[in-house]
Amino acid sequence: MYKATVIVKKRAKILDPQGKAVEQGAKLLGFNDISKTRIGKYIEFFVNTTDFETAKNEVIAYSEKLLVNPNMEDFEYSLEKAE
Amino acid sequence: MKLKFGVVVFPGSNCDHDAYYVTKKLLDQESEFLWHKEKDLKNSDVIILPGGFSYGDYLRTGAIARFSPIMESVIKFANSGGIVLGICNGFQILLEAGLLPGVLLKNESTKFICKDVFLKIQSKNTSFTAFVEKDVLQISIAHGDGNYFADEKTLAELKNNDQIVFQYCNRKGDVDSESNPNGSLMNIAGITNKERNILGMMPHPERCSDKILGNTDGIELFNSLIKYLTN
Chain A
1 MYKATVIVKK RAKILDPQGK AVEQGAKLLG FNDISKTRIG KYIEFFVNTT DFETAKNEVI
61 AYSEKLLVNP NMEDFEYSLE KAE
Chain P
1 MKLKFGVVVF PGSNCDHDAY YVTKKLLDQE SEFLWHKEKD LKNSDVIILP GGFSYGDYLR
61 TGAIARFSPI MESVIKFANS GGIVLGICNG FQILLEAGLL PGVLLKNEST KFICKDVFLK
121 IQSKNTSFTA FVEKDVLQIS IAHGDGNYFA DEKTLAELKN NDQIVFQYCN RKGDVDSESN
181 PNGSLMNIAG ITNKERNILG MMPHPERCSD KILGNTDGIE LFNSLIKYLT N
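Keeping their order, the protein sequence lines are chains A and P. Letter by letter, the first sequence follows residues 1 to 83 in our numbering. Letter by letter, the second sequence follows residues 1 to 231 in our numbering.
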């Protein structure tokens, strides 16, 4: 069994109005050093296999097919052995 | 001859009854709901993917609905030339399914916007617009994610192939930044595919079709379609 975490980020060229709005909140609170806030998604799940390569391929396929829209997002993932 | 409309119902659709009402009651055509778990399009001539919040907009708008069993049949139908109209969430589903290019991002203001807007009919070379006499329609929008985005190559293709059908404009028909409600590139409100049988649009023509609601600009699109298909 592997535990997977996938982080989905908006592509650099895509505007992130949500990040911008949150950053306005940061300024209101006096966090004046904060900049370039971008909001993405954190997704975790388990893959029921003992083989690392199988788990890796499954995470990539799942991400590309459903979790990520390549028109606006990129992703990175990590895998760790789990009980 | 009556046309048969198939209105797909996803969990979270909320404009399905409006689409049914317009096609069945106002236009006096055949109309039937198609449950998302079915695969049978029941001999529909036209498929409507209605507005709403399918699957709660979880993950991304339209992302999960796109894998509903009915969508397999809708994709086959569309790829063989069948007429498909996606309104609002239906447009988002068409983009996720890859039937139309691009993506709809969160509105630039981050706010959900519900108001009447003016649309310039940029192309009359679709079944929905061919017989519409007006050049500017007033139609309502109601969305949080309607900010159309595509890369430069895709935008150029849309423009060169006359695939941009509707653009946000002012009352006079000028397409300007003040009339852009959500930040869409090139004020895009609706597009068609290269083959011109699939139309996706953020505004809701089905909400502006009944006289009792004070605006019937939306029904012009359905009237055009019927004329186009029955002539």
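The set of hints was computed from the structure by calculation and includes no laboratory data. Accuracy of the hints is not assured; some may be wrong.
Okay, derived cross-link-like pairs now, DSSO-like style, lysine-lysine, Cα gap no bigger than 30 Å in a straight line [stated by the list, open to error]:
1. P:194 x A:10
2. A:20 x A:36
3. A:65 x P:111
4. A:10 x A:41
Status of the hints after comparison with the structure:
1. P:194 x A:10: 28 Å, holds
2. A:20 x A:36: With Cα atoms ~8 Å apart, residue 20 of chain A and residue 36 of chain A stay inside 30 Å; holds.
3. A:65 x P:111: Answer holds: residue 65 of chain A to residue 111 of chain P is near 29 Å, not above 30 Å.
4. A:10 x A:41: 9 Å, holds
Hint check: no violations occur; every hint is consistent with the structure.
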